[in-house]
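Enquirer: First to last, the sequence lines map onto chains C and F. Quick note, the first sequence lines up with residues -4 to 107 if you use the numbering used here. Quick note, the second sequence lines up with residues 586 to 701 if you use the numbering used here.
Hints may be right or wrong, so weigh each one.
[Stated by the list, open to error] Listed next, the in silico BS3-like pairs over lysine-lysine satisfying Cα-Cα at most 25 Å (straight line): (1) Lys605/F / Lys649/F; (2) Lys102/C / Lys37/C; (3) Lys599/F / Lys102/C; (4) Lys(-3)/C / Lys605/F; (5) Lys62/C / Lys649/F; (6) Lys640/F / Lys94/C; (7) Lys37/C / Lys640/F; (8) Lys37/C / Lys626/F; (9) Lys(-3)/C / Lys62/C; (10) Lys599/F / Lys649/F; (11) Lys37/C / Lys599/F; (12) Lys65/C / Lys640/F; (13) Lys626/F / Lys94/C; (14) Lys94/C / Lys599/F; (15) Lys640/F / Lys88/C.
[To be verified] Here's a subset of chain F near chain C, in silico, CB distances under 8 Å, partners left out: (16) Cys598; (17) Phe624; (18) Leu631; (19) Phe652; (20) Pro671; (21) Ser674; (22) Ile690; (23) Glu694; (24) Gly695; (25) Leu698; (26) Val701.
Please keep in mind that the hints were generated in silico from the structure rather than gathered at the bench. Ideal placement from N, C-alpha and C gives every residue a C-beta, glycine not left out.
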Amino acid sequence: QKEVEQDPGPLSVPEGAIVSLNCTYSNSAFQYFMWYRQYSRKGPELLMYTYSSGNKEDGRFTAQVDKSSKYISLFIRDSQPSDSATYLCAMIKGGGYQKVTFGIGTKLQVIP
Amino acid sequence: GAVVSQHPSWVICKSGTSVKIECRSLDFQATTMFWYRQFPKQSLMLMATSNEGSKATYEQGVEKDKFLINHASLTLSTLTVTSAHPEDSSFYICSAGDSSSGNTIYFGEGSWLTVV
């Protein structure tokens, strides 16, 4: 069983839709959670960084962490064609600069 | 936000030659940097952890003599692919942690290596 599970998609939605991206993890040692957006042939771009269970909002993006269920989500409101990319969930087990464990990434396509 | 820069973005080299990729943290100091490799339609695979002033820590299965890592300063780490072969063609990405913003990890733009 992989430590982090993420549906690779692809996920196609119409412009303006609310997008829900999810990851589950198996190890309760994960404490820090990130979402990255990666456009084709580019490095990952940090979107959200969370530590606590609950919601964190930044513009059209909301990150949600449920440590009891080992489940994290990223919501994108009013999705735009420019949001079309691969979204990677990532997590770290503890303090310091430890190894980051990534999900496989979900490919999102927002159709105009 | 913090910026991590990689150079070159694209490089083509002949089989048997060596290629150096640089990773710089532009507005913060990074005692630790990470090097990843990514194949098409796959997630990032950690190759090694680069520690400033000491030897890098390589992941299992990564040849340390082939992928030389040097972290000579708090803002620069380099990855040298030695005696490159076509199977080394890949997307190489570095990342660095910014201690001033907790454990936030930022990535470089990536470097595409094609070995012909």
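Enquirer: Given the hinted pair Lys626/F and Lys94/C, is their Cα-Cα distance within 25 Å?
Expert: holds, 21 Å
Enquirer: Do the numbers back the hint for Leu631/F, that is, is its least Cβ distance to chain C under 8 Å?
Expert: holds, 6 Å
Enquirer: Does Phe652/F meet its interface restraint, that is, does its C-beta lie within less than 8 Å of any C-beta in chain C?
Expert: Violated, because the Cβ-Cβ distance from Phe652/F to chain C comes to roughly 17 Å (cut-off 8 Å).
Enquirer: Regarding the hint that Ile690/F lies at the interface with chain C, is the smallest CB-CB distance below 8 Å?
Expert: Holds, about 6 Å.
Enquirer: Can we keep the Pro671/F interface hint, with Cβ of chain C closer than 8 Å?
Expert: Violated, because the Cβ-Cβ distance from Pro671/F to chain C comes to roughly 19 Å (cut-off 8 Å).
Enquirer: Would you check the hint for Lys37/C and Lys626/F, treating anything up to 25 Å between C-alpha atoms as holding?
Expert: holds, 13 Å
Enquirer: Do the alpha carbons of Lys605/F and Lys649/F lie within 25 Å of each other, as the hint requires?
Expert: This hinted pair holds, its Cα atoms lying about 14 Å apart.
Enquirer: Answer holds if the nearest beta-carbon of chain C is closer than 8 Å to that of Val701/F; otherwise answer violated.
Expert: Hint violated; Val701/F Cβ to chain C Cβ min 18 Å, cut 8 Å.
Enquirer: Given Cys598/F was flagged as interface, is its beta-carbon under 8 Å from a beta-carbon of chain C?
Expert: violated, 18 Å
Enquirer: Is the interface hint for Phe624/F satisfied, with its Cβ closer than 8 Å to some Cβ of chain C?
Expert: Because about 12 Å separates Phe624/F from the closest Cβ in chain C, which is outside the 8 Å limit, the hint is violated.
Enquirer: Do the alpha carbons of Lys640/F and Lys88/C lie within 25 Å of each other, as the hint requires?
Expert: Measuring from Cα to Cα gives roughly 23 Å; hence the hint holds.
Enquirer: Lys102/C and Lys37/C were given as a pair; does the straight-line alpha-carbon distance stay at or below 25 Å?
Expert: holds, 14 Å
When held up to the earlier numbered hints, the structure conflicts with 3, 4, 5, 7, 12, 14, 16, 17, 19, 20, 21, 25 and 26 and fits the remainder.
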